[in-house]
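Chemist: So the chains spell out like this:
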Amino acid sequence: MFGLIGHSSSFVQAQEKARELGLEEMAEADMLAWCSAPPQLLETFKVTSRTGKTIEGTYIDSCFVPEMLSRFKTATRKVQNAMEMAQKNGINVTALGGFTSIIFENYDLSKFQQIRNTILEWERFTTGNTHTAWVICQQVERNAPLLGIDLSRAKVAVVGATGDIGSAVCRWLSQKTGVAELLLVARQQQRLQDLQTSLGSGTILSLEEALPQADVVVWVASLPQTLSIDHDSLRKPCLMIDGGYPKNLDAKVAGDGVHVLKGGIVEFWQDIGWQMMEVAEMENPKRQLFACFAEAMLLEFEGIHTNFSWGRNNISLANMELIGEASLRHGFQAIGLSPTQLAAAQGGLELAAA
Amino acid sequence: MATLEAPELSAAVGNLPDFTTEAYKDAYSRINAIVIEGEQEAHDNYIAIGTLLPEQAEELTKLARMELKHMKGFTACANNLGVEADMAFAKEFFAPLHNNFKTALAAGKVPTCLLIQALLIEAFAISAYHIYIPVADPFARKITEGVVKDEYTHLNYGQEWLKANLESCREELEQANRDNLPLIRRMLDEVAGDAAVLHMDKEDLIEDFLIAYQEALTEIGFSTREIARMAAAALVG
Chain P
1 MFGLIGHSSS FVQAQEKARE LGLEEMAEAD MLAWCSAPPQ LLETFKVTSR TGKTIEGTYI
61 DSCFVPEMLS RFKTATRKVQ NAMEMAQKNG INVTALGGFT SIIFENYDLS KFQQIRNTIL
121 EWERFTTGNT HTAWVICQQV ERNAPLLGID LSRAKVAVVG ATGDIGSAVC RWLSQKTGVA
181 ELLLVARQQQ RLQDLQTSLG SGTILSLEEA LPQADVVVWV ASLPQTLSID HDSLRKPCLM
241 IDGGYPKNLD AKVAGDGVHV LKGGIVEFWQ DIGWQMMEVA EMENPKRQLF ACFAEAMLLE
301 FEGIHTNFSW GRNNISLANM ELIGEASLRH GFQAIGLSPT QLAAAQGGLE LAAA
Chain C
355 MATLEAPELS AAVGNLPDFT TEAYKDAYSR INAIVIEGEQ EAHDNYIAIG TLLPEQAEEL
415 TKLARMELKH MKGFTACANN LGVEADMAFA KEFFAPLHNN FKTALAAGKV PTCLLIQALL
475 IEAFAISAYH IYIPVADPFA RKITEGVVKD EYTHLNYGQE WLKANLESCR EELEQANRDN
535 LPLIRRMLDE VAGDAAVLHM DKEDLIEDFL IAYQEALTEI GFSTREIARM AAAALVG
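As given, the protein sequences belong to chains P and C, one line each in that order. Just so you know, my numbering puts 172 at position 172 of the first sequence, and the rest follows in order with no gaps. Each number in my numbering corresponds to the 1-based position in the second sequence with 354 added.
For the record, the hints were derived by calculation from the structure and aren't laboratory data. Predicted model only: the values in this text are computed from it and were never measured. Misleading hints may appear alongside valid ones.
What the hints assert, rightly or not - Heads up, incomplete: computed chain P residues facing chain C, CB under 10 Å, no partners named: (1) 24; (2) 26; (3) 33; (4) 34; (5) 36; (6) 116.
Unchecked claim - Simulated restraints, written as ranges between beta carbons of each label pair: (7) C:456 to P:24: 28 to 38 Å; (8) P:122 to C:579: 26 to 36 Å; (9) C:577 to P:188: 40 to 50 Å; (10) C:543 to P:176: 53 to 63 Å.
Unchecked claim - Computed list of chain P residues with no C-beta within reach of chain C, every gap over 10 Å: (11) 10; (12) 53; (13) 56; (14) 110; (15) 142; (16) 177; (17) 178; (18) 250; (19) 269; (20) 284; (21) 305; (22) 311; (23) 325; (24) 331.
A virtual CB, placed ideally from N, CA and C, is assigned to each residue, including glycine.
Next comes chain C alone, as it looks inside the complex:
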């Protein structure tokens, strides 16, 4: 057996950052804005998907309301630290993905809309929240723990619909994956520096996101080889 030199565990487990420094607050102003904008757009997206699926509009409205509640929670997190969220940055951050969503919506493409919102964005949020929780300030930690449970409900909604309709939308989903997964990768790259200040590691973020996304694709009914192929699109781009 090989013998590995074990590093100091304290460095490995990740001690908490100093939440009061200017550097932390500066990074937080962008990360927090992304979260707030993400929750707002999620709300709007679920309402919009409801226009394409009128029979499910009621359930989608319920999901949308949860997102607004999350948004308020995260706004409180910023207030608690005395930080003002940089919303202009966040709007620009989401613009490419948001534009793809709007195009799909206009074309009536439910599978693409669900892939973008209920799979990609929710998986992105779930992985980021999981990684954030151990390094969050105590106030934000509590709020985030509550939110992450809800996000699984949203991911699950998208999964169930796509699972029931997989055969009719397989090709559309593969195309939507090719068009949008690289965007997620670029978004993660864009915030890697700020995330690092919050003690969130880019490698962790990407891998955990892909795990959540792959699990959703498994649930929907893609084969393991198809999933490996689809996820690989995130690693280069």
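The shape of chain P in the complex, shown without the other chains:
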């Protein structure tokens, strides 16, 4: 049994979902009441791999919504209680989706192992970041050439380069993909310098300096609502992989030679009999899901019952390869540029050639 811990993308959406589930009181309840709402085990479903193996999974809604981020105690309690619920239900491996892994990491919740009379067993949980990082790298490798970008000559900016996913993406792109130059963008200078040293390459730049130079931009930091990007200053074509959470880049910069791809999303080879991805606003919610969720499925398919992705900057290339091979074997595929995006890109390339 694998588990997924998720949440709605906003308070309004959470209320709508509650109404759909017939939880009228929850739908009517105000934000304060939601702050006291316990996690809910909403769905149990089966997933069959391309290899024929079938596993069972459970979706736990933490009842967290992003509006609670400013309430430290509430946010941490939601994550801890959802984890306790997963463990008490005997789930072997549970992925922390959306903001839940971010809350766990940033508030250092590994210090608080006891929840009431339960000692959380970390080996039952994964952030899913190894698979997410691998998927993002696949998205870069497969889609850049479709836009006429030759990665061996390209500059690839990684925004949020020192984070868990960002640093893994940097390692892969520099050592496996062989991009011409990595542009490292993050807020903390010391961590940036440490990363640059460990990579043995890469140029540390501010966001404003990096963007006009980049052929590919991998975003693995959430964008402040107020961030504005000067579309005219960007290179054309430019591939942007929106790997942050929430995914809000498309509306800011897409169009006219700038192509935005939802990062860290995979598509399964057949429909999954669940309803929960509809709340994540996937284009094809029966098949598309966050790569971090897919990691829990992969670990269950493979019988790897351990906290495969855990802590900061522990993602190895070997583990990315391992999870990547499993991902392909069991029928996941990183989502790519849509036919519409490719047609627009083709038009751009022809114009450039003329």
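Starting from the structure of chain P, add chain C where the hints point.
Modeler: Same frame as chain P, but now just chain C:
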């Protein structure tokens, strides 16, 4: 990934209150009284349920005796701090729930009686004790740690009986949930201010109570959707 500003952990983890202040003792006089009254009523309720289930009267008497032992422990906690429990407040605090229990008892409704005492009140006690333990004075902490283990036994008793009889009492339980869960919510609201003085957070209390209650409903055999629906009644009311 988003980056969150981590607050000072000392503020988050909850340093201990000053047990000697008048404000603390004043709040404690009511919270402690609720606990004492709760244990006394629990004793009386288990004995009363035994009159409806004569074949289980012996086991229920055993459970009831444990509650009296708890009551004595909590009385000692008040003495230790030099506080006199406000028992009049506590009796009034429990009155609506107690009246519902008495009505169910008179009508011979075992499932409703068990839902009120063995599920709601026990889940309420378990969650409150769990939250109290980290912020309790050392004397009370020890006593409460011993008590919380017993309360799981009581919760378990109610669970097992209701599990074995679920099909015949499902509708009664749903009605009893609708009638009584909002009362628990109001009771929590009523003591939120005093609990805060003891460094117990209302949000924590409600959520932990609902977790314990939901776990009991799961064990009894309700589906996850039914449980979500039943628990939602506590969030508004």
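Chemist: Next, verify each hint and record whether it holds.
Modeler: Outcome of the hint check:
Here the hint on residue 24 of chain P is kept, as its CB sits about 8 Å from the closest CB of chain C, short of 10 Å. Interface hint at residue 26 of chain P: satisfied, since its Cβ lies 5 Å from the closest Cβ of chain C, which is below the 10 Å cut-off. Annotation: residue 33 of chain P was flagged as interfacial toward chain C, and the flag holds, the nearest CB pair being 4 Å apart, inside 10 Å. A least Cβ separation of about 8 Å between residue 34 of chain P and chain C falls short of the 10 Å threshold, and the interface hint therefore holds.
Interface restraint check for residue 36 of chain P: the shortest CB-CB distance to chain C comes to about 4 Å, inside 10 Å, so the restraint holds. This hint holds: residue 116 of chain P has a C-beta 5 Å from the nearest C-beta of chain C, less than the 10 Å allowed. For the pair residue 456 of chain C and residue 24 of chain P, the beta carbons lie near 31 Å from each other, so the given range of 28 to 38 Å is met. In this structure the hint that residue 122 of chain P and residue 579 of chain C lie 26 to 36 Å apart at CB holds, the actual value being about 30 Å.
Between residue 577 of chain C and residue 188 of chain P the Cβ separation comes to about 47 Å, which falls inside the hinted range of 40 to 50 Å. About 57 Å separates the C-beta atoms of residue 543 of chain C and residue 176 of chain P, a value consistent with the hinted range of 53 to 63 Å. With a least beta-carbon separation of about 14 Å from chain C, residue 10 of chain P lies farther than 10 Å from that chain, consistent with its non-interface assignment. Listed as a non-interface residue, residue 53 of chain P keeps its Cβ farther than 10 Å from every Cβ of chain C; the least gap is roughly 25 Å.
At the 10 Å boundary, the C-beta of residue 56 of chain P stays outside the reach of chain C, the nearest C-beta of that chain being 14 Å off. The claim that residue 110 of chain P lies off the interface holds: its Cβ sits roughly 13 Å from the closest Cβ of chain C, which is beyond the 10 Å cut-off. For residue 142 of chain P, the requirement that its beta carbon stay farther than 10 Å from each beta carbon of chain C is met, with the minimum near 23 Å. Consistency note on residue 177 of chain P: stated as away from chain C, and its beta-carbon is indeed over 10 Å from all of that chain's, at 21 Å minimum.
With a least CB separation of 26 Å from chain C, residue 178 of chain P remains clear of the 10 Å interface cut-off, as annotated. For residue 250 of chain P, the requirement that its beta carbon stay farther than 10 Å from each beta carbon of chain C is met, with the minimum near 17 Å. Against the 10 Å criterion, residue 269 of chain P stays outside the reach of chain C, whose nearest CB is about 28 Å from its own CB. The Cβ of residue 284 of chain P lies farther than 10 Å from every Cβ of chain C, with a closest approach of about 25 Å, so its non-interface assignment holds.
For residue 305 of chain P, the condition that its CB be more than 10 Å from all CB atoms of chain C holds, with the nearest at approximately 23 Å. Non-interface status of residue 311 of chain P relative to chain C is upheld: no Cβ of that chain comes within 10 Å, the nearest being about 14 Å off. With a minimum CB-CB distance of about 25 Å to chain C, residue 325 of chain P clears the 10 Å threshold, and the non-interface call stands. For residue 331 of chain P, the condition that its CB be more than 10 Å from all CB atoms of chain C holds, with the nearest at approximately 27 Å.
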